[in-house]
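These are the residues of each chain, in order.
Number of protein chains: 2
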Amino acid sequence: METTKYLLSEKEMPTSWYNILPDLPVPLPPPLHPGTGQPLGPADLAPLFPMALIMQEVSSEPFIEIPEEVQSIYHLWRPSPLYRARRLEKALDTPAKIYYKYEGVSPAGSHKPNTAVAQAYYNKKEGVKRLATETGAGQWGSALAMACMFFGLECKVYMVKVSYNQKPYRRILMETWGAKVVPSPSTDTNAGKTILNQDPDSPGSLGIAISEAVEDAAGREDTKYSLGSVLNHVLLHQTVIGLETKKQMEMAGDYPDIVVGCIGGGSNFAGLFLPYAGDKIKQGKKIRIIAVEPEACPTVTKGPYCYDFGDTVGLTPLLKMHTLGHTFVPPSIHAGGLRYHGMAPIVSHLGNLGIIEAVAVHQNAAFKAGIQFARNEGIIAAPEPTHAIKVVIDEAVRCKNEGVSRTILFNLSGHGHFDLTSYDDYLTGKLEDYEYPEALVKKALADLPKVA
Amino acid sequence: METTKYLLSEKEMPTSWYNILPDLPVPLPPPLHPGTGQPLGPADLAPLFPMALIMQEVSSEPFIEIPEEVQSIYHLWRPSPLYRARRLEKALDTPAKIYYKYEGVSPAGSHKPNTAVAQAYYNKKEGVKRLATETGAGQWGSALAMACMFFGLECKVYMVKVSYNQKPYRRILMETWGAKVVPSPSTDTNAGKTILNQDPDSPGSLGIAISEAVEDAAGREDTKYSLGSVLNHVLLHQTVIGLETKKQMEMAGDYPDIVVGCIGGGSNFAGLFLPYAGDKIKQGKKIRIIAVEPEACPTVTKGPYCYDFGDTVGLTPLLKMHTLGHTFVPPSIHAGGLRYHGMAPIVSHLGNLGIIEAVAVHQNAAFKAGIQFARNEGIIAAPEPTHAIKVVIDEAVRCKNEGVSRTILFNLSGHGHFDLTSYDDYLTGKLEDYEYPEALVKKALADLPKVA
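Which chain is which? The protein sequence lines are A and B, in order.
So the first sequence is numbered by our numbering: it starts at 103 and just counts up by one.
So the second sequence is numbered by our numbering: it starts at 103 and just counts up by one.
Chain A extracted, bound-state conformation (with noise of 0.2 angstroms):
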């Protein structure tokens, strides 16, 4: 049996990330402020993000140049390597080639480090001193933290209090890394205490987190705010994994007929995807382009396409974007990085033009192809990827049943090191699998803001 991984040397590295901005048929639209409906100003930003990340929001250039301190620090475990799935396939007796690129080679065991590195970089340069964000089960945090601590920046993470207590060893990950860590609702910010004077147990929720991050970066001259997925710059610096990919597919002699891969905000498979959806619109090459959301929280597949709060509490400016309801709480599946009432506006804009698709798969049926996977290729993947490769597995055997050879590539996003405490539950029969909950899609669906 041969293994067959495709590695690029440092050199070969992508040296620009790739904009899909100007090559949409349809341009994309603009996210508004919430209280005028007027399409946002670069000004209207600045009190959060440093200029440099504005402008790449709206940049027409399609292609940006990775600077180069970025570029030294992705050196530390990119490129990333690119996998054929042989033994996979053959356990499937499939004529598919299935390929994976696997992101969980960085420190942080995600792709989350190819924004967060990009993003400590021009806060750095324009004098930032201090970044404050929120995360959930600690995947956006710990990458933050390390990116941080490359350039000197201090880092203060609102935990979700929940996790910040059950999952201890991502908060750990984060302190190692130099990050203060706090768990929110804490009593640092008025956002926090308000909640906390409400019910003093609250668990916390992304929502609150966000809300005392944003307080925060709002209220410190020498604070900003940073964000994990969803924003366009965000998706920008994640294209460095498809860039790749499409050298190292190049070096198999081979070009995909299906991507695939999951999506909670967007950012792990935009990033693989874009390159080649700037192949089908400018090239019309013919590929589908598969995103795979949890049935518990079905954004593309459910939820309209409208303009929607990016937060739960609405501080944020409003984006177009399919949505089940900013006030929409998502079941407590195991794939936190899925659990997101919205998805990227370009994302999900280019669902909207048919350019991509989107199916929804329930979490043991993910876990059940997870463990297919790590018994054939080793690597334990985390539970949100485990969704992508439930639907490549079902599009092997689509292959086989046709008799037909198609090549399918997939986003390995991260290593579930830190979620195997989901994969016991599954071994164990204890995972539960949560319906599309109509009802509060439903109720939530009724506080959208009005959009003229």
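Among the clues, some could well be false.
Which copy is meant is left open, because identical chains are indistinguishable; a pair holds if it fits in one copy or across any two.
As the list claims (entries may be wrong) - DSSO-like, lysine-lysine: derived pairs with alpha carbons at most 27 angstroms apart: (1) Lys422 / Lys544; (2) Lys226 / Lys107; (3) Lys269 / Lys532; (4) Lys113 / Lys192.
Think of the hints as simulated: they come from the structure by calculation, not from any bench.
Since chain A is already given, all that's left is putting chain B on it; use the hints.
This is chain B only, laid out in the frame that chain A set:
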């Protein structure tokens, strides 16, 4: 700041292991039968090991071919990267050049699969259906679980009960790969039942777990026993680390003045240094090879070099090695992989010949170095290799003080993703240093077997 990573292609991976036995200036003292005191023959070991491994244990061939099936699985993560630690060098303001070989890229997170895959292969080839082994914190058990999965072997792991209860992550990892894991002492063996009869709440020990695994293997026709360190064939399989490193150091245009690694049973460090020890013996290379052990279990720095049992209960052959006495139970330091009373015979012999040297360090100093490494290089090291990092930093600082540039190479044998609570203990000041337990060692040394 330049990051430098030296990568080999799959084609450049060594296709043979290096066997130092024929290059030793003085032959290695043989293992002895505990009953007769006579050197062991192959037949004595046949109930526990397949013949291919028994022959490797005494081979006089300088290179032994790595079977293609083993190479193919190695390719899932090998060749592993060699890094130049430029950020750490800069932080230390040292003229020293620091390189590290990173074995944490394997799916099990350490160097252990290098031998686990080879052992599973040879057992499979000789018709064995099932392997039994012991594990403490779980590094070795998880590597063997993964290896057995690749070859369709059953895997039974006796895991020290206190670890089984306190460290569920590595147990789940083994189960995800399909192994059967029981807390030891168990009711599955007579050894386990005897202990449980005496003390139903026994927390277990590595010694007890070895007894259970050996009894399991000896009592079943379809089952052999597998050991993760100490023996010659285990060290042989690990030399793929050092052989790759030599090629990568050539890419860097460099050769080490100092090679550093941590030692518990000796296998990770021997894997790196044996090819360099060969250079030292055959070419007279001036190179310091420094083995680092814990002050709490200073086998080479404090233990006599004599014949002793490999396990606590006294079931194994007698090995000539540095030992603190087979009944010595080391204090509960976090580096579980370094808590062993003995030392690989090859490592002990080379120490006795003056080819390698040893130093002992405290765990607080080791974790301090590990944090310094993580905050510069990003990677969170397992507790075991933080011991090596401590000495690397000391040597780099000495270079600065002496105004001399030396090339320092060390083995970063695994990541610390499953050991983060130990970092937490260090960061919160809860980590205890244990002085050398002289009285306990003296007592254990009184139990040494008598050899004519």
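Right, here's what the structure says about each hint:
1. Lys422 / Lys544: Answer is within: at 18 angstroms inside a copy they meet the 27 angstroms cutoff, but 74 angstroms across does not.
2. Lys226 / Lys107: between (36 angstroms within a copy, 25 angstroms between copies)
3. Lys269 / Lys532: both (18 angstroms within a copy, 20 angstroms between copies)
4. Lys113 / Lys192: between (34 angstroms within a copy, 23 angstroms between copies)
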